[in-house]
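Trainee: Go ahead and model the full structure; you've got the sequences and the hints to work with.
Chains as they are written, first to last, in the numbering used here: chain W, 1 to 230; chain H, 1001 to 1260.
Careful, some of the hints might be misleading.
Here are the simulated distance ranges between beta carbons [said to hold, decoys possible]:
1. W:Thr-215 with H:Lys-1127: 44 to 52 Å
2. H:Glu-1134 with W:Asp-226: 25 to 33 Å
3. H:Asp-1131 with W:Met-46: 33 to 41 Å
Just a sample of chain H residues kept apart from chain W, beta carbon distances all over 12 Å, derived [what the hints assert, rightly or not]:
4. Ser-1002
5. Gly-1021
6. Thr-1061
7. Leu-1104
8. Ala-1119
9. Ala-1130
10. Asp-1133
11. Gly-1216
Keeping only pairs whose Cα atoms sit at most 30 Å apart, straight-line, the calculated DSSO-like set for lysine-lysine is [what the hints assert, rightly or not]:
12. W:Lys-143 with H:Lys-1127
13. H:Lys-1117 with W:Lys-143
14. W:Lys-143 with H:Lys-1126
Don't read these hints as lab results, they were simulated from the structure. All values reported here derive from a predicted model rather than from experimental measurement. Even glycine gets a Cβ: it sits at the ideal position worked out from N, Cα and C.
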Amino acid sequence: MFANFVEQFPTVFNALNLGFIQTLKLFFVTLVGAIPLGLVISFGSMSRFKPLSALVKTIVWIVRGSPLMIQILIIYYFPGLMLEKNIWGTGEGGRFIACSAAFIVNYACYFSEIYRGGIQGVPKGQQEAGQVLGLTKSETFFKVTLLQMIKRIVPPMSNEIITLVKDTSLSRIIALQEIIWAGAAFMKSSHGISGEMWPLFFTAVYYLVFNGVLTVLFGRLEKKLDYFKV
Amino acid sequence: MSILEVNNLKKRFGGTPVLKGISFTLEKGEVLSIIGSSGSGKTTLLRCINSLETADSGSITVDGSVIFDGNGKTVLTKEQKRQNQLNVGLVFQQFNLFPQYSVLRNVTLAMEMQAKKKADFKQNKKKILADIDEKAKMYIDRVNLSDRINAFPCELSGGQQQRVAIARALALEPKILFFDEPTSALDPELTAEVLKVIRSLKDTGRTMVIVTHEMGFAQNVSDKVIFMADGVIEEQGTPADVFDNPHSEKTRAFLLKDIG
Chain W
1 MFANFVEQFP TVFNALNLGF IQTLKLFFVT LVGAIPLGLV ISFGSMSRFK
51 PLSALVKTIV WIVRGSPLMI QILIIYYFPG LMLEKNIWGT GEGGRFIACS
101 AAFIVNYACY FSEIYRGGIQ GVPKGQQEAG QVLGLTKSET FFKVTLLQMI
151 KRIVPPMSNE IITLVKDTSL SRIIALQEII WAGAAFMKSS HGISGEMWPL
201 FFTAVYYLVF NGVLTVLFGR LEKKLDYFKV
Chain H
1001 MSILEVNNLK KRFGGTPVLK GISFTLEKGE VLSIIGSSGS GKTTLLRCIN
1051 SLETADSGSI TVDGSVIFDG NGKTVLTKEQ KRQNQLNVGL VFQQFNLFPQ
1101 YSVLRNVTLA MEMQAKKKAD FKQNKKKILA DIDEKAKMYI DRVNLSDRIN
1151 AFPCELSGGQ QQRVAIARAL ALEPKILFFD EPTSALDPEL TAEVLKVIRS
1201 LKDTGRTMVI VTHEMGFAQN VSDKVIFMAD GVIEEQGTPA DVFDNPHSEK
1251 TRAFLLKDIG
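Mentor: Now the structure itself:
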């Protein structure tokens, strides 16, 4: 058994690394898309124009209220079933784009609620101080409110982002070749190895290490923002 | 012409009238204290003049320019409103300093934002920013905090924070500086240092309106006192008129309670 492991390790390691690159790609693309989109959604849900805020809140309810796995399936297959053509493109590239869309929308909705809490948590007096000092609304937001909001949202955001690392594995439902997919492939047959389960178990090490790095980074960010109190 | 003219100002919150027709004037260089019990509308009046609330009717004129006209004759754009705002300054009860910025940055921020909108900012950036720094330091010195210029608000006492807030408001050189119960969130000993600063501002001829519960201070520092009750000006006059010789029954009752 152990001899097997030593012999198989280099092959498995290479395959898992490739899968993990796809995992990381999905992770970063989701962040880059969802972080700003979440802000737009949070402004929408706080809008004083009632129809807009009602619409945005309904979307957030649907997205947060249904499983991400179903959302991935719907986004990937639904356009094809309706339009009878694949809008996402073929193969791994198409699956990646569809997955990214699903993840970005899903995480943007979660982020938007965290942002909303962060923005509404900044005392009204801060905005008023900006106003009486003659700052415009956007100056007040970017120069006064934003950093205080960021400080407030770092802990809940780090939570969500760590969850995102693990959620990327859901993309396996449409056979995106991320690390779990790569690990599970050795149970059947992959790179001349078959019937092995340990590569699938071993994928957990990747998640652990990567989330360990993220935890350290978020800890540092929190410390960096420690110089002021909100 | 008076520097501040408030004419028949009215404001309701929901169904409740909070200001029921407030009219008064203030001359340049005068200090006005507004006294009265909680809920009498003092703070709302200040917030209306500083555009934090919009009155329902009446008008407000600062140094000849209309900053609010509830009768709709003068319609102001957003930008005009913002510019008018710079004619008046407000110091809050809760200070409302920006916690992420140092004392100096709290004072320079608004000046810098103003300067950035001017056409010549890019060419003379260095000099303009240096001037702003200089000016901020002067005002910080005026509130006796030169030694805490790089401190953050969380490292300061309440009294120090309020003095920074005063410097921040002063730096924009408003024509009238308003104080909304500036010492109500402070211990008695910290109150003294803030009142000392306000008194020193009077000595430099600054026009100020102070909503306060510090009766002794109001009596001492003001040229004019307004006593408000239930959304109206119940009595106004010199401190001697209002404090020593009140005509209204309500004023007398209020002042007695204070001595109480």
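Trainee: Hint by hint, note whether the structure agrees.
Mentor: Hint check results:
no., hint, verdict
1, W:Thr-215 with H:Lys-1127: 44 to 52 Å, "holds, 47 Å"
2, H:Glu-1134 with W:Asp-226: 25 to 33 Å, "holds, 31 Å"
3, H:Asp-1131 with W:Met-46: 33 to 41 Å, "holds, 38 Å"
4, Ser-1002, "holds, 22 Å"
5, Gly-1021, "holds, 25 Å"
6, Thr-1061, "holds, 18 Å"
7, Leu-1104, "holds, 14 Å"
8, Ala-1119, "holds, 17 Å"
9, Ala-1130, "holds, 20 Å"
10, Asp-1133, "holds, 17 Å"
11, Gly-1216, "holds, 28 Å"
12, W:Lys-143 with H:Lys-1127, "holds, 22 Å"
13, H:Lys-1117 with W:Lys-143, "holds, 15 Å"
14, W:Lys-143 with H:Lys-1126, "holds, 20 Å"
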